[in-house]
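Visitor: Protein chains in written order, with the working numbering: chain A, 1127 to 1602; chain B, 17 to 297.
You may find that some hints are simply not true.
Stated by the list, open to error - Pairwise CB distance ranges (calculated):
#: 1; chain 1: A; residue 1: His1524; chain 2: B; residue 2: Asn147; range: 42 to 50 Å
#: 2; chain 1: B; residue 1: Lys89; chain 2: A; residue 2: Phe1209; range: 22 to 30 Å
#: 3; chain 1: A; residue 1: Ile1292; chain 2: B; residue 2: Lys126; range: 54 to 62 Å
#: 4; chain 1: B; residue 1: Phe240; chain 2: A; residue 2: Asp1508; range: 19 to 27 Å
No wet-lab data here; the hints were simulated from the structure. Every residue, glycine too, gets a C-beta built ideally from N, C-alpha and C.
Now for the letters of each chain:
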Amino acid sequence: MSEAPNSSENSSKHFDELYDEIDHWEVNTGEETIHAKRMPGRFRNLKWLAASVWLVFFIGPYFRWEGRQAITFDIMGRQFHIFDITILPQDVWMLSLILLFFAILLAAVTSIAGRVYCGYFCFQTVWTDLFTWIEEKLEGKPAARRRAEKLPLSQQRLPRKILKHIIWIMIGAFTGISFTLWFGDAFEMWKAYFNNDVTMWAWGSVIVFTSFTYLFAGFMREQVCLWLCPYARIQGVMVDVDSIMPTYDFHRGEPRGRLKKGKHDADKGDCIECNQCYAVCPTGVDIRNGQQEGCITCGLCIDACDSVMDKINKPRGLVKYMSLDELNGKEQPPIYKRPRPLIYMSIMTLAAIGILYGLTHLGALELSVLHERSPLFVLQSDGSIQNKYELKILNKTHKDMKIGVRAEGHQSLTLVGADREIIAQPADTASFTVFVRIPKKELAGERESLSFKIYNLEDDKISAEYKSMFFGPRIR
Amino acid sequence: MSENNPFPNENNSGHVWDDNLRELLNDPPTWWRIGFHASWILVIVYTILYPSWPMLTTHYKGVMGWTAMGEYKEDLQSIEMVRAKYEEQLPNKSAAAIMADDDLSNYVVKSAKVLFGDNCGACHGTGGAGNPGYPVLADDDWLYGGTVNEIITSITNGRKGVMTAHGKSLSTEEIDELANAVMSGNPASSPLYMSKACFACHGPDGKGMAALGSANLTDGIYRFDEADQLASIKYTIKHGVNDASDPMTRNAEMPIFGGTKLTETDIKKLAIYVHKLGGGQ
C-alpha cells in the first residue's frame, strides 16, 4: 500500500476546499429572481413564432364541424371526436401508440438538436416568456426591476405591480378555461361559466390551472426546469457529441478579457467579457461554462453575442448552435449515419403506421359474443342441443342502426331469437340474447366452431364478425 | 464545547465528529413545515367533523353526523332511485305486457338474476341448468306448461305431482318391457302402455299432460336423469313419484313461493326470467 496522507489536519483542509466550492454553484437555486434582459434577434423571433403554436390551444375549441365542436374529448360520454373521427374506449390502444410516438419524437429531437422543445415549445418556458414580457412592460427593464426589488413595498410602484399580478392571474384563468373547453362544447361552456352552471370538475380544473400557471410562470419560472422537470434531468443521456446545441467556441473566445479603452488586446480571445450571454439567459446560466443542465437551448445568448460581435467588428458565431464534434474540428456525421436518430425514427415510424392503421380501420360496428356457461348446453324436446349467446353490439356511428344477425359454422344450425327488430343505438353497446340449435345427432363432437355475423340491414357493407363455439354433450 | 468550536458563526450545535462533520441548527425546509402544520390542522379538523373519540358508553359523533351506515343507506337509495322508474311499472303490468316491452324486460332479467340465485338456484342450478331430480328450466320440456302465466302458477302455488307406484300391479318383466319402450322414445309401441293404463296420465301418444304435470315420455328429457337411465325408469315405474303408499317412492316437490315468501311482483320477475332462460313458450 502506498503512503496515504492520513493526518487529520491534511484531510480536513482538503475537504474544506471541497465545501468552499459549493459557493460557486453555477445555477441559481431560487434565492434570487432572474431578470433576463430582452434583446431582439433571430432566435428571439423564432421563439415568438414557435410559441404561437400554443394559439391552437386557445382557438382550437371554437372550430365547428358538422354542427358540433370539431375536436371534443367527451369524458362523460366516453368518446373523442376529432373532425369526422369518433374514438371510443375500444380504440384507446391507439393512445398508447400516440404517446410512444411523441415520447420517442422528444428523444429523437433531443439527440439531433438538444432541448429544442424546452427552448421553443414547452408551456413552462413559453408562459414564463409571456409573463416576463408583461413584467417588463409594466415594471421596466431588468436593472429597474432589480432596484425596485430592494426597496420596501411602500416605495414601489404598487398600482403597476398589482396590475401585473391581475393580468397574470387572468392569463392563468384563461388558460384553465381554455383547457376545459376541449372537453365540452366551447360556446355552451362559456355561457355556463358566466351562469356558474359548470361541474365541480370544470371549476377544479380552472382553479388548478390558474394557480399553477400563476405560480409556475410568475414565480418559480426557471426553477421548474431546474428542479421539477424530469425531461431536463435525463437530457444528459439523450444527447451525444453530435447533438447540436448553443455552444461557446472557447477555442476562439479564450482567454477572455475586457476591452481596454475600446481597444482589443491582441493576446486575448474574442470574448470581451461583456456578459451579455449571461444577462439575457432566462434560466440564468453562463453558456461559457459549456453545456449544462440549466440550459434550455433557446439560443437567446446567441442573439446577444452576435449583436456584440457586430459592434466590435468580429465575425458572428462565438456562441452558436453546434455540436461538440464541430467545436473540436471533427467532421459532423450526417443524421442517416448516426445509429441513435435512426433507431428513434424507426420506432416512430412503427408507431405512426400503427396509428394510421387504427384510424383507417376504426370500423362502424363491433361485435363480441359471450357464450352462456351455465348451462353450457340444453337438450330441447325436439332432440336438438341449444346454446345461449349474448351478443354485445357496439354502434360507432352517429345514427340508429337496424341490425341483422347470421350464424354460420354448421350446415343444420337454427338461429333462434334473431328475427325480432334489433336496433343498436349510436356510440353505445347493446346486448341481445340469441339461441343456436343443432340436432343432437348431427353433432360430430363435443364442440363446434361457430361464427356470428352482424350487419346493418340498410347497408350490409357495414358488418362485424365474431368467432365463438357451440357446445354439446359428450358423444358416447 | 462552544469555546473551541472549530466552525464558529456557522449556527452549528457545537457537536463535531471526525474533525469537520457537524450538526447544523438550520430550520427544516419551508415546504416540509407547511406540510407538517397542514397535517396536524387536518387531523384536528377531521376529528371535529367526523366520529372520532371513544367515550365510556358511546363515542363522539362528529358535527357532520356522518356514519358508515348512513352513507350505505344513501347509496342504496340512489340505486333505488334508478330502479324506481322500472319497479313502479311492474305491479300494474301483466307479465305478457312486461315481456312486450324490451327495455322493461331487460331490466327484469338483469334484476331477477339475484332473486333466482337466492330462491331457485339451489335446486334448479345457476341459469336453470337443473340438477338430478330437479327439472332443467332452460329447455322447452315443461311438466306444467311453459307459458309465463303457467310458470307464475308453478312458483306461486308450488307443484307436487303424483305417479302411482306400480311395483305391486306390474311384474318385473312388464316393467322391463315398458321401460324399454320409454327409452326407445315411443312408449305406445308396447301394448302394455294401453292395457296397463299408462296413457291415462301420459296421454295416448306418451307426450304427457300439462294439467296433470305428467311427463313427456317421448323427448328423451328425463327429470330423474341418471347415468343408467334404463334402471332409473324402471325404478320410477316400480315406486312411483310422491306415492305415500310406497316408502321407496321418489320425492319431487316444488315448494310454495306465493304468500309470505315472495311478493307477486317478485314472482312475476322470476317467471319472466325463467321464461327467457331459453325454453319459454
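Visitor: Each hint: holds or not?
Guide: Verification of the supplied hints:
1. A/His1524 x B/Asn147: 42 to 50 Å: Given a distance of about 49 Å, which is inside 42 to 50 Å, the answer is holds.
2. B/Lys89 x A/Phe1209: 22 to 30 Å: Violated: the Cβ-Cβ distance is about 47 Å, outside 22 to 30 Å.
3. A/Ile1292 x B/Lys126: 54 to 62 Å: holds (55 Å)
4. B/Phe240 x A/Asp1508: 19 to 27 Å: Distance hint for B/Phe240, A/Asp1508 holds at roughly 21 Å.
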